[in-house]
Amino acid sequence: MIFHKAKGIQIDGRKELCKKHPMVDYLNPDTVYIPLVHRNLKLEPKVEVGEHVKVGQVVAQFSTYAAFISHASVSGEVKSIKKVWHSSGKMVDAIEIENDHKNILDDSIKERKNIKELTRDELIEIMRDAGITGMGGAGFPAYIKYQTKEDIHTVIINAVECEPYLTCDYHHITMNPEKLLRGATYMMRAADANKAVIAYKEYNKRIGRVLKEFVDKYPDVELFPIKDIYPAGWEKYIVEQVTGETYSALPADVGVIVNNSSTSMAFTDAVEMNIPLISRPISITGEGINQPKSFNVPLGTKVSELIDQCGGYAEGLDPMKANYIAGGPMTGRAIFIDDLVVNDTLGAVIVKPFETWDYPECLGCGKCADVCPVYITPTEIKKAFERKNVKLLDLLDANKCIECGLCSYVCPSHVEITDAVKKGKELLAKGAK
Amino acid sequence: MARFAGGKAPFLRLSDQKRYNTNTIMRDFMIAMLPVILFTWYKNGIQVYLDGYINVFEMLYPLFLVIMGGLLSVIMEGIYFYIVDKKERSFKDIQRKLSTSYAAIPGVILALLLPVYTPIWVLMVGAFIATIVGKMLFGGFGHNIFNPALLGYAVVGFTLSGVITDAGGVFNASEALMDSYAGVTPLGALANFRNSTEAFSYDALVAPYGSLWNLFLGTMPGALGETSALAILIGGIWLIYRKIIKWYTPVLYVGTVFVLSWIIGIMAGEPGIWFPTFSIFTGGVMFAAIFMITEPVSTPTNPLGKVFFALFLGVLTVLFRFVGNLPEGVGTSLILMNIFAIPIDTYAGIIRSKGFKKPTMPYVTALASIFVILLVYTLVAAGNMYTAVLPLIRFWQVI
Numbered sequence: 000m001i002f003h004k005a006k007g008i009q010i011d012g013r014k015e016l017c018k019k020h021p022m023v024d025y026l027n028p029d030t031v032y033i034p035l036v037h038r039n040l041k042l043e044p045k046v047e048v049g050e051h052v053k054v055g056q057v058v059a060q061f062s063t064y065a066a067f068i069s070h071a072s073v074s075g076e077v078k079s080i081k082k083v084w085h086s087s088g089k090m091v092d093a094i095e096i097e098n099d100h101k102n103i104l105d106d107s108i109k110e111r112k113n114i115k116e117l118t119r120d121e122l123i124e125i126m127r128d129a130g131i132t133g134m135g136g137a138g139f140p141a142y143i144k145y146q147t148k149e150d151i152h153t154v155i156i157n158a159v160e161c162e163p164y165l166t167c168d169y170h171h172i173t174m175n176p177e178k179l180l181r182g183a184t185y186m187m188r189a190a191d192a193n194k195a196v197i198a199y200k201e202y203n204k205r206i207g208r209v210l211k212e213f214v215d216k217y218p219d220v221e222l223f224p225i226k227d228i229y230p231a232g233w234e235k236y237i238v239e240q241v242t243g244e245t246y247s248a249l250p251a252d253v254g255v256i257v258n259n260s261s262t263s264m265a266f267t268d269a270v271e272m273n274i275p276l277i278s279r280p281i282s283i284t285g286e287g288i289n290q291p292k293s294f295n296v297p298l299g300t301k302v303s304e305l306i307d308q309c310g311g312y313a314e315g316l317d318p319m320k321a322n323y324i325a326g327g328p329m330t331g332r333a334i335f336i337d338d339l340v341v342n343d344t345l346g347a348v349i350v351k352p353f354e355t356w357d358y359p360e361c362l363g364c365g366k367c368a369d370v371c372p373v374y375i376t377p378t379e380i381k382k383a384f385e386r387k388n389v390k391l392l393d394l395l396d397a398n399k400c401i402e403c404g405l406c407s408y409v410c411p412s413h414v415e416i417t418d419a420v421k422k423g424k425e426l427l428a429k430g431a432k
Numbered sequence: 000m001a002r003f004a005g006g007k008a009p010f011l012r013l014s015d016q017k018r019y020n021t022n023t024i025m026r027d028f029m030i031a032m033l034p035v036i037l038f039t040w041y042k043n044g045i046q047v048y049l050d051g052y053i054n055v056f057e058m059l060y061p062l063f064l065v066i067m068g069g070l071l072s073v074i075m076e077g078i079y080f081y082i083v084d085k086k087e088r089s090f091k092d093i094q095r096k097l098s099t100s101y102a103a104i105p106g107v108i109l110a111l112l113l114p115v116y117t118p119i120w121v122l123m124v125g126a127f128i129a130t131i132v133g134k135m136l137f138g139g140f141g142h143n144i145f146n147p148a149l150l151g152y153a154v155v156g157f158t159l160s161g162v163i164t165d166a167g168g169v170f171n172a173s174e175a176l177m178d179s180y181a182g183v184t185p186l187g188a189l190a191n192f193r194n195s196t197e198a199f200s201y202d203a204l205v206a207p208y209g210s211l212w213n214l215f216l217g218t219m220p221g222a223l224g225e226t227s228a229l230a231i232l233i234g235g236i237w238l239i240y241r242k243i244i245k246w247y248t249p250v251l252y253v254g255t256v257f258v259l260s261w262i263i264g265i266m267a268g269e270p271g272i273w274f275p276t277f278s279i280f281t282g283g284v285m286f287a288a289i290f291m292i293t294e295p296v297s298t299p300t301n302p303l304g305k306v307f308f309a310l311f312l313g314v315l316t317v318l319f320r321f322v323g324n325l326p327e328g329v330g331t332s333l334i335l336m337n338i339f340a341i342p343i344d345t346y347a348g349i350i351r352s353k354g355f356k357k358p359t360m361p362y363v364t365a366l367a368s369i370f371v372i373l374l375v376y377t378l379v380a381a382g383n384m385y386t387a388v389l390p391l392i393r394f395w396q397v398i
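Chains R and W, in that order, are what the protein sequence lines are.
According to numbering that gives the first Met the number 0, the first sequence holds residues 0 to 432 in order.
According to numbering that gives the first Met the number 0, the second sequence holds residues 0 to 398 in order.
Heads up, some of the hints might be wrong.
Okay, derived cross-link-like pairs now, PhoX-like style, lysine-lysine, Cα gap no bigger than 25 Å in a straight line [claimed, not checked]:
#	chain 1	residue 1	chain 2	residue 2
1	R	K387	W	K7
2	W	K242	R	K226
3	W	K356	R	K6
4	R	K399	W	K17
5	R	K6	W	K245
6	R	K390	W	K356
7	W	K7	R	K422
8	W	K7	R	K82
9	R	K399	W	K357
10	R	K320	W	K17
11	W	K357	R	K387
12	R	K421	W	K7
13	W	K91	R	K320
14	R	K390	W	K357
15	R	K6	R	K204
16	W	K245	R	K429
17	W	K7	R	K89
18	R	K235	W	K356
19	W	K356	R	K399
20	R	K6	W	K91
21	R	K320	W	K7
Stretch-level coverage of chain W by chain R, calculated; a stretch enters the list once three of its residues show a Cβ under 8 Å from a Cβ in chain R [unchecked claim]:
#	segment
22	276–285
23	347–357
Just so you know, these hints were derived from the structure itself, not from any lab.
Note that the coordinates shown come from a computational prediction; the quantities given were computed from them, not determined experimentally.
Beta carbons: idealized from backbone N, C-alpha and C, even for Gly.
Could you put the whole structure together from the sequences, leaning on the hints where they help?
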């Protein structure tokens, strides 16, 4: 790269849609569906149909690798295993559990007394057994980062939430700031680091305010406001802003671990109460929702129930002229049928009407190359992909793309350029093998 | 359960908000050309009318020419769409296609490149070449390799220049009667010094047209749009303010022409800063810098490519102007560079992402060596052509 500095642009956040309503706890849905899939791996059910399960009981596990694990998020009877829509855009098998509304906890869930004496390995073990994954969207088991052999000096908690519309982390943190700070200290201990840094957007002044009230009690935790740009939540950008260092592969190369704020709060639960990952915050928002709100929900809740809680779709919404987006509007995925269930990586569902106009051809203005945070040239990659020229894709560094979506966002001709670069990246990965 | 529409991430698009998309870019290009159009109407129409050389209808002719340029291009593209697509022939379909084809812009630019008294039928030929041959046959808007207006101008310039000269050429009615101009444009005057033992001088090049200030304002003979650096700069500032063009493309291009002209002037025994200034204010350098090398379709897309393009073009312009037999040099060099926009773009894309490292070295070396060879050749040949002062340079003739 000739220019090294990571960059981004300001995007109209539209977070006000969802911000004005406080977060709602919706912890007792009648039925939950625990998907039997983790990233691309199929999990094996550990319970039988008809069996009664307790909250926190292991219901599914990957056959060979213990870290890919799912727990029951409510107590009740296992009704069946049926197909549901997953945020990956596919239909997957899921365990249907009918809630008995008794909230019977599994025996393993109890207050931990010896938190102060826990060693690094024990903390990592807790993280693994609780099935804590990267809740920002990666969905990768979080403990793997902590098993690194590198010398970690800083743990960064990513509370930036740079995608427009999303407010679930914002609400989650402002409701329970101390939980985040405690989670940060536990993560710091799990990594043997000297300090934890909480990076948040300076635009979200309230996060800064509530965290500052309590941060004095936690001497190792620092707050770090970050500029209101997209993609400020990108790992590399945060690490560069906080430490001033850049890395090529993993943040651990420069002694840093980055985790999402929700992950950190889930870890607090796991350490203090031994509660596995069974709930997460989610924003139901967008112009197509009557009253956008954030919820704290058990994993496996049907999104359609949450939308009903929001007063349903906005009046006069034509579903064929609207997108139902799983995830943020910049990197999410359009789901065709509104039958989605909440899984650990789903931070938002956005219903957003769109208008089409007569899209012109690409005029070659170069805006996409200007805004690209990794300094690649999307138009050239698109051309190379159309010619299936793998060698050129490699020369043009198509694999550097972080799929932030900025190139399509700024394109004045509405070209699906991000999609073309993504496909180019896939072709390169396939061709390189 | 409702069925929703599909789509691809990201679901937020700036272009959907109607404040910034290709339509507004093209509208802003038109707005940027307004000062130039108004100035040329003033200079070639109103002023001449006030001098009493032409009647009211002739006063409107420059404006008419520009409007006809745009109109003819739109009509021709409309006819093209009608002929090519047999299924969608209704007025509405053609209107929709025209709305994303932006036909008027090449037509207007073409008219601005032509001299004042170009006959309408010549403009028509130019507009046909520009829109149909230069743009539609390549696949329409976004696919043209050459700048359409420039292609039309080149064809008309090479084949019908006699007709234009007979009709009055670049001199409007007042200018044709000015004794001091002696029937030559500033660059025509410069060409007279080719292979002459006499070094060019301020008195011979600038004085007949007033001063450098006149060259900047544009009160000199020349094609409709190219004379006034001031009007062009106003348009350029608008385009930069609207973030449609990059400031460095015109600056690098004009800067390269300026520096090289200065060196050639020094070699020719004329070290004054007036000579490079004269060089950039004449022959459409400013017009090309703002409106043509920034034309997005036919020039490189990525920022580094734009830098390379501007530098190469600057050298080629000087080469064609001082060494070739083409007094202006801007148009020809730009057409040549349009061909290389695609490889430059690819090379620049590679260099931009990988940096100056081993895998990109062939590309860096190729671009750099071509640039250096061009540069050295231009300076040596031009110095050889215009100077009797520096005998060292004359080794070229010996070789």
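Against the structure, the hints:
no.: 1; hint: K387/R x K7/W; result: holds (21 Å)
no.: 2; hint: K242/W x K226/R; result: holds (22 Å)
no.: 3; hint: K356/W x K6/R; result: holds (22 Å)
no.: 4; hint: K399/R x K17/W; result: violated (31 Å)
no.: 5; hint: K6/R x K245/W; result: holds (18 Å)
no.: 6; hint: K390/R x K356/W; result: holds (17 Å)
no.: 7; hint: K7/W x K422/R; result: holds (12 Å)
no.: 8; hint: K7/W x K82/R; result: holds (24 Å)
no.: 9; hint: K399/R x K357/W; result: holds (18 Å)
no.: 10; hint: K320/R x K17/W; result: holds (18 Å)
no.: 11; hint: K357/W x K387/R; result: holds (24 Å)
no.: 12; hint: K421/R x K7/W; result: holds (11 Å)
no.: 13; hint: K91/W x K320/R; result: holds (23 Å)
no.: 14; hint: K390/R x K357/W; result: holds (15 Å)
no.: 15; hint: K6/R x K204/R; result: holds (22 Å)
no.: 16; hint: K245/W x K429/R; result: violated (37 Å)
no.: 17; hint: K7/W x K89/R; result: holds (15 Å)
no.: 18; hint: K235/R x K356/W; result: holds (22 Å)
no.: 19; hint: K356/W x K399/R; result: holds (16 Å)
no.: 20; hint: K6/R x K91/W; result: violated (43 Å)
no.: 21; hint: K320/R x K7/W; result: holds (14 Å)
no.: 22; hint: 276–285; result: violated (count 0)
no.: 23; hint: 347–357; result: holds (count 9)
Hints 4, 16, 20, 22 from the list above are not met by this structure, while the remaining hints are.
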